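Enquirer: Sequence order for the protein chains is A and B.
Residue numbering for the first sequence follows our numbering, starting at 1 and increasing by one per position.
Residue numbering for the second sequence follows our numbering, starting at 187 and increasing by one per position.
Just so you know, the hints here were simulated from the structure itself, not pulled from any lab data.
Hints should not be assumed to be uniformly reliable.
Stated by the list, open to error - Partner residues are not named here, just some residues of chain B that face chain A (Cβ under 7 Å, in silico): (1) S325; (2) P513; (3) T543.
Said to hold, decoys possible - With a Cα cut of at most 27 Å, we get these calculated BS3-like pairs of lysine-lysine: (4) B:K317 x B:K396; (5) A:K2 x B:K443; (6) B:K191 x A:K2; (7) B:K423 x B:K496; (8) B:K317 x B:K400; (9) B:K730 x A:K20; (10) B:K388 x B:K317; (11) B:K388 x B:K400; (12) B:K191 x A:K20; (13) B:K423 x B:K443; (14) B:K378 x B:K395; (15) B:K378 x B:K396.
Stated by the list, open to error - To be clear about the criterion: a stretch of chain A counts as covered by chain B if any three or more of its residues have a C-beta under 8 Å from a C-beta of chain B, and this derived list gives those stretches: (16) 5-16; (17) 28-39; (18) 44-56; (19) 79-93.
Predicted model only: the values in this text are computed from it and were never measured.
Positions of the beta carbon are idealized from the N, C-alpha and C atoms, including for glycine.
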Amino acid sequence: MKQQIVISGLGGQGVLFVSKILGEAALARGLSVLMSETHGMAQRGGNVISHVKVMDRQGEKDQGDVAMDPAWQVSPLIRPGHAHVLLALHEEGVRAHGHFLSPDGALVCNRISPTGPGDVDATGIARKLGNLLAANLVLLGFAAASGVLFCSMDDLRQVLMRLGGPRRDANLAALEAGSAAAIGDA
Amino acid sequence: MTERKILLGNEAMAHGLLEAGCTLAASYPGTPASEIVGTLAAFKRSGTIAMHVEWSINEKVALETALASSYAGRRSAAAMKQVGLNVAADPFMSAAYTGVTGGLVVIVADDPGPHSSQTEQDTRQFAMFAKVPVLDPMSPAHARDLLLTAFDLSEDYQIPVLFRPTTRVCHARQDMPLRPFRQDAPLAQFEKDPARWAATPKFRFLLHKKLNEKLDAIGRDPRLQPVQLNPGASAEKGGGVIVASGAVCAHTAEVLKDLGLWQSIPLYDAPMPFPLSEDFLTGLLDNAPRILVLEETQPVMEAQFRDRAKVLGRLSGHVPREGELLPETVERIVRAFAGLPQAEASQGANAPGRRPTLCPGCAHRAAFFAIRKVFPRGIYPGDIGCYTLGLNLGAVDTVLCMGASISQAAGFYHAFRDSGQNSRPIVATIGDSTFYHAGIPALINAVIQGCRFVVVVLDNTTTAMTGHQPTPAEGRSLDGRTVPRVRIEDLARACGVRHVSVGDPYDFQAFTDLLKAAREHTRDPENGGMAVVIARRPCLMDRKQAQPARRPAPRINDKCQGCGFCITHFECPALVFHGKEEAVTVDDALCTGCGVCIHVCPHSAIEMAPQP
Ligand code: SF4
Ligand code: SF4
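I would like the entire structure built from these sequences, with the hints used as guidance.
Expert: Below is the structure:
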């Protein structure tokens, strides 16, 4: 297993979008991914969690007995105490999902008043950009520039470029702003 | 190199259906199954597939439609969540007897936990009950592949095949190579055979006999025998083997590898947990000292062992009898099984977490607040959808199953009236999609039994909870054809309701007046009866519907005393409580400017911001 990342937030904060970007970044690097996400009732304003597992590609096997392929023999969930990184889009996520983090894992948290090195006021930065909904990308940029992720800022930029869409530039700006906050802190 | 794509389990299953040459897919949305046909619907809208795809009115209709298409020799599928199969149980049980011609796969997604369901029922047990084979995929990619086998199996034995993924397969994402879709569907053909397709009880007995024979043969089918995932492993003296199926098998493989047990505990995956072959079961009983069975959520494989003296599982008390088998739970069970010490008790969550709530600005919240205001002593039978969350507002007292709000309201009505207590008003709330699904017969019944209560249809013109699938009010099929619109107000009148009104809950005063008028109708001794109020306002989260421009957030003026009334009785997530005597604030990142909270504050402390 290369990296296990838990992304925590509230429904509507864009937890799924962050995990999608991480998944695409892994794919672009020739890695494989297995992720789990929250749907249904809990998405309505409840605590939402995504599990992202990034691993080396297990061959290109696409024929034959699928169950025998080691790629199928991985749990889609991260066990408590096994996450290398916890991305908390809301500080409540630390209380709700902090137990997933391994003792030597990295916590990256969106906090109004940062208290530790992994903290950043992503919502404040997003508000300044006039794009409140992009706090998730600010946090992601911050995490990437802090060097705790399996992928680089450049990987993430390329994913956003490829995804395109009407929000592309705003998303990129948020990602860069998060990265700048990390480098400025260093 | 083939293109690789990350697919959600449900998307992977949609691909599987297309790769198998399935020609019809029918479904009623329900978490965790919704995106299977959702994915096909998106393909259909973009004109890229020939398959007939439909959001049916309910699961029973979906299954019957798919079944007849398979009678006509074409591969067909129905998809639903586990409780959806309860609705479709009638055709399903019977279809096992009639069998099929073209392959028929019924995908039923289970929700151990449960995360978004009323029960943790195990559809594999439903397969035993109906005597049909059931497949249990481990992961998204496994599900896609296994669907191809499912169709072959269905056609080879002319039997419907159940396909049972769990939430952890449906809502996992995994990268996999894309494969071409099969295009060579046969023409429809229907051979009349009344002894089979319209069997009377005498012939049903013969069909039952045939079904039993099919099942015996299927159990032995080499394509779906349990496989040992770690062929190098052999049980140590006195050690044991594990038999697992579905996502639990994936958890188990990972745990065995992590604990260094991959070489010493043979792990069998059973892609078809029912029927298990007698050879496999007796083989294990003869050779393995102990057998641990890991499965969700009921003891289906475990129960197929005739002698359970050395079988550990749910029946023996070694596996919890309820709840999801999370990987950490599997780790605990495997450690105990292997005689390893338990890991340091891993800390659970430090906080219970937030409970789900209606979105900021959701019109349901306004409707519920109005209901409580007009019927303060009411009994509020509720129903299944986003609006179940009216619970938080004290405006939902019962939630049972799809459509039950209206029939339960009728039951309450009879109970109170027959015991001489006419005073409790009863207000049922039901969403538009749920009303179409199962509310109509209940409404007719209430009318013909002479009930008098109010039904509020919370009409957001979509199926919001499951991802905004269209309703019959849309007037358009998935392939873009214009079809007749079926409107709730017309249906309500056709059900015999004489008092039907439509209003917008944002228009709070007018909507409250509609509720009052409905209340008067239920009380009118001369011409009164059932009343239906349709609360109509598009779901804010539905990108397909025209949304009014977002208005600025309201202001909190200095009359706010921090009493918390708006928080406890209205619970808009955009209103932030800072403790007694502190003024609440409005979170402008969440507020949609709906303005309903202005009517909520008893101190008139919330006021509209001036238009910019
Ligand atoms: S998704 Fe729509 S219907 Fe559901 S709570 Fe949100 S606004 Fe209301
Ligand atoms: S106007 Fe009031 S009720 Fe509407 S979203 Fe904003 S805070 Fe919530």
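Enquirer: For which of the previously enumerated hints does the structure constitute a violation, in increasing order of number?
Expert: none
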